[in-house]
Structure formats: C-alpha cells, structure tokens
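Build out the structure end to end from the sequences listed, making use of the hints.
The sequence shown begins at 1 in the working numbering and counts up by one.
Any given hint could turn out to be false.
[As the list claims (entries may be wrong)] Each computed SDA-like pair below joins lysine to any residue, with the alpha-carbon atoms no more than 20 Å apart:
| hint | residue 1 | residue 2 |
| --- | --- | --- |
| 1 | LYS195 | ARG150 |
| 2 | LYS75 | ALA290 |
| 3 | LYS278 | THR90 |
| 4 | LYS278 | ASP257 |
[To be verified] Pair ranges (Cβ atoms, derived):
| hint | residue 1 | residue 2 | range |
| --- | --- | --- | --- |
| 5 | GLN319 | LYS264 | 55 to 61 Å |
| 6 | LYS195 | TYR144 | 16 to 22 Å |
| 7 | LYS70 | GLN151 | 47 to 53 Å |
| 8 | LYS278 | GLU389 | 24 to 30 Å |
| 9 | GLN151 | THR209 | 18 to 24 Å |
Derived by calculation from the structure, the hints in this document are not laboratory data.
Glycine residues also receive a C-beta, built at the ideal position from the N, C-alpha and C atoms.
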Amino acid sequence: MAGITSLGVGSGLDLAGILRGLMQIEQQPLVNLQRKEVSYQARISALGSLRGALSALQTSASALPPDTGKTAAEKYSSFLATVADTDIATASASTGAAPGVYALEVSQLAQSQRLVSAPLTSADSTIAEGTLTIDFGTLEAGVYTADSARQLEVTIDSSNNTLAGLRDAINAANGGVTATIITGTAGAQLVLTAKDSGSKNVMQLTGLTGFDFDATSAAGDLSQDPAQGGRAAQNAEFTVNGIAASSSTNTVSGVLDGVTLTLKKTNIGTPTDITVRKDTTTALKANLNAFVKAFNEAASTISSLGSYNAETKESGPLQGQAVIRTTQSQLRNLVFNTTAGGTTAFQRLADIGVTFNKEGELSIDSAKLDKALEEDYEAVLRLTTNVGEIFKSSLDTVVGSTGTISGLTDSLNRMIKDLDSQRSILNQRLTNIEERYRKQFTALDTLVASMKDTSNYLTQQLASLPGVWRNQ
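Take a look at the structure:
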C-alpha cells in the first residue's frame with residue numbers, strides 16, 4: 001500500500017505507540033545525562049554556599065590581628081566614657097580622650113525656635129497676598145544678624161492665599177523651617193519650627209500681613225511665647241568641672257577631649273560624673289565573639305551540605321565529598337592546635353575559655369576569658385593574633401582563587417560541558433535510531449496492509465464461486 005504516511009494506518013496496528021515505547025527506552029541514557037547535570041549543578045551551588053560560609057569565617061578571623069604597621073595593643077586600645085546619671089546625658093569616647101572623672105552640670109538644653117500664628121477659623125481661611133521673607137540668623141546681645149544665604153521668599157497670590165496654601169508654599173521652599181497647622185478650640189494656627197536648634201538659627205519674618213515676627217524684640221503677629229505654644233531658639237548651656245560651655249545642639253563634641261556628650265536633661269545644682277577610662281577588652285571581646293559566631297555558622301553549613309539522613313535516606317549535595325571531611329578536620333585542628341607561643345599558661349583557645357560545648361559548637365566562657373585577660377593580657381593578644389592569621393592563611397587554600405573550591409567548581413563545569421557534548425552525540429544517535437525504526441515499521445505496515453488486501457481479495461473470489469464450491 002504505497003502512499004501510507006502514518007504508521008499503522010494501512011495495517012491497523014498501533015505501530016506509532018510501539019515506536020514511542022521503543023524510543024523511551026532508547027532515550028534512557030539521555031535521561032541519565034540530565035540527572036548527572038542536575039547533580040553537578042547542585043554540587044556547584046553547594047560549593048558556593050560553602051565558600052560563602054568559609055569566607056565569612058575568614059573575614060571574622062582577619063579582624064582579630066592588628067592592621068599592618070600596628071601592634072595588637074594599639075588595635076585594641078580605646079577609651080570608654082560613661083555618665084553616672086544616664087537620664088542627664090550619655091557619653092562616648094574615642095582616640096585622644098584623657099582618663100579621669102569630670103563633673104557635668106546642665107543648666108539648659110538646646111532647642112529650635114517655634115513660632116505660632118494667631119488663630120483663624122480654619123485652614124481654608126483667606127489670608128493676605130504678598131511675598132513672605134523668612135530670614136535665619138544669629139541673635140546675640142540683642143542684635144540680630146541675618147544669614148542671607150539661607151533666606152527664603154514665599155509668594156502668596158490668589159491661587160494659594162489660604163492658611164493651608166501658606167503652609168504648603170513654605171514647605172515646598174524646602175528651607176530651614178517646617179510649617180504645619182494645628183486646629184484647636186480657638187481655631188487653626190500656623191506653626192513654624194526651625195529645623196536646626198541653637199541661637200544661630202533664629203527666624204525673622206517680614207512682608208506678609210498677619211505673619212510678621214521681629215527677632216530682636218521677639219514681637220509681631222507670630223509668637224514664640226511658650227504660653228501660646230511657641231518656643232525661643234537657645235543653645236545648650238552646661239559646665240564641665242565648673243567651666244562654662246555652650247553648644248547649638250544637644251550632641252556636644254570638642255568640649256572634653258575625645259568625648260562626645262548627648263545632653264538629655266538639666267541637673268542644676270546636682271552635677272553628675274563623667275568617667276573616662278582606658279578600655280582594652282571591649283573591642284577584642286567583640287571580635288572574638290564574631291569569630292566564634294562565624295565559626296559555628298561555617299560548621300553548621302559544612303554539616304548540612306555533607307549530611308545523610310538514614311530515616312529519609314536523603315543526603316546533602318556534598319555528602320561523601322572529600323572537601324567536607326578535610327575542611328571539618330582542618331577547622332577543628334586549627335582551634336585545638338594554634339598557640340600563643342612563649343611560656344604563658346594561656347597557649348590555646350581553650351585556655352582562655354573558647355572551647356567546644358556538648359552540642360559541638362564553639363563557645364566562650366566569659367569568666368575564664370576575663371581571668372585570662374587580667375592575668376596575661378599580652379598572651380591573649382598573641383594568641384588571638386595567631387588564630388586570626390593562621391585561620392586566614394589556611395582558609396585561603398580552600399576559598400582562594402586557586403583554592404580547593406575553585407578547583408572543584410572548575411572541574412564540575414568541565415564535566416557539565418562534556419555532558420553537553422555527549423548529549424549532542426546521543427541526540428543524533430536517537431534521531432538515526434528513530435529513523436531506522438520508522439523505515440522498518442513503514443515496511444511492516446505496507447506488508448501487513450498488502451497481505452490484508454490479498455486476504456480480502458481471496459475472500460471475495462471465494463464468495464463469488466458457485467454454491468457447490470462454497471458448500472465444500
């Protein structure tokens with residue numbers, strides 16, 4: 001039956017289904033290649049996670065030694081400032097601070113100026129048109145000096161001549177003042193608040209009827225009277241050991257060498273102490289804690305990537321890989337074997353309280369660490385410096401550009417590339433196999449169809465014979 005274009009049409013056999021089944025079997029090697037690629041990609045991703053965790057550990061280890069050109073003692077030598085009454089102020093210290101106890105008495109806190117208008121019926125009440133000029137300047141000894149560089153001019157016309165329009169125009173000018181409207185029992189009032197505190201940020205307003213304010217006399221349409229909701233600009237005023245000082249803000253630096261104060265409350269007549277002392281342990285403890293945290297996170301990542309769950313029979317993407325075993329062993333050996341050198345009793349991390357707990361995590365015994373710091377501070381510095389340097393260099397062999405992880409990743413990428421080549425060859429082979437099957441099945445289809453035609457023909461011929469023959 002020449003001209004058959006679909007398998008099985010001539011013969012009635014499900015040759016197309018048989019072909020699909022055969023090709024599924026033939027494609028099994030292709031499925032296996034895909035599984036391999038998925039596995040390789042999972043391992044590459046897992047190696048990336050491993051690199052990330054170990055790099056974080058390396059970074060934390062690198063923070064333990066001093067920078068080039070500095071000693072460990074210099075790195076960890078800082079100052080700590082505390083205030084006896086933290087309701088009055090807080091303090092921080094930096095390089096240049098002088099240890100000692102200083103008496104602080106705050107008589108006045110810095111504040112920004114606040115001006116309040118007379119009440120109107122509502123925010124939509126109409127106001128005069130004109131140009132409002134807002135100056136910012138210094139008021140000293142009754143003399144106001146405006147800073148022309150900070151001057152604002154706000155135009156009010158028929159499009160915005162309401163209290164709300166004035167507020168919006170002032171805010172849109174984006175200068176040194178914020179405008180808002182407070183609506184109380186007396187009506188709607190415009191409130192202008194200077195963005196910066198101190199006597200160098202006093203406002204003066206002119207040019208718009210109903211909204212003038214004279215800085216020198218503190219009089220005008222607007223009010224800074226606290227009874228009206230206003231507030232005058234003022235500096236912080238305080239003494240340190242009886243020496244008077246002033247600041248435009250409540251964050252004060254430059255008065256006490258190396259110390260920054262944050263003033264919070266006045267304490268007239270009851271000074272509080274600021275204590276400044278040398279601090280050689282806080283930063284060291286912080287870096288050591290960060291190192292321990294990074295170590296445990298790296299150990300957890302390694303364990304997860306190399307794990308095997310007997311119940312679920314599921315394994316991590318790097319289960320059984322040498323990089324897991326060697327890295328685990330390497331990290332533990334570094335913890336156990338890195339020493340301070342010399343004759344000190346504090347040779348290893350365990351001697352200063354850094355040990356593995358019952359859960360297998362690295363932990364710090366704070367009391368033991370404090371004791372070691374007190375008894376032989378220099379030895380602790382040598383030990384932590386050595387730990388940092390040795391961990392950093394050792395981890396370079398794993399996470400560095402020519403390290404173990406890079407080598408494994410490159411190898412896996414080459415294997416994936418090889419799979420691509422195998423896949424191309426296999427796809428061509430499958431195409432040839434399918435073509436051969438089709439030819440064979442087409443021939444079979446034609447043969448069976450021909451035999452069916454012959455059978456039908458013979459049946460017809462026999463049916464046309466005389467009855468005697470049919471009966472026989």
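We went through each hint and held it up to the structure:
no. : hint                        : result
1   : LYS195 x ARG150             : 12 Å, holds
2   : LYS75 x ALA290              : 16 Å, holds
3   : LYS278 x THR90              : 17 Å, holds
4   : LYS278 x ASP257             : 14 Å, holds
5   : GLN319 x LYS264: 55 to 61 Å : 57 Å, holds
6   : LYS195 x TYR144: 16 to 22 Å : 19 Å, holds
7   : LYS70 x GLN151: 47 to 53 Å  : 49 Å, holds
8   : LYS278 x GLU389: 24 to 30 Å : 26 Å, holds
9   : GLN151 x THR209: 18 to 24 Å : 19 Å, holds
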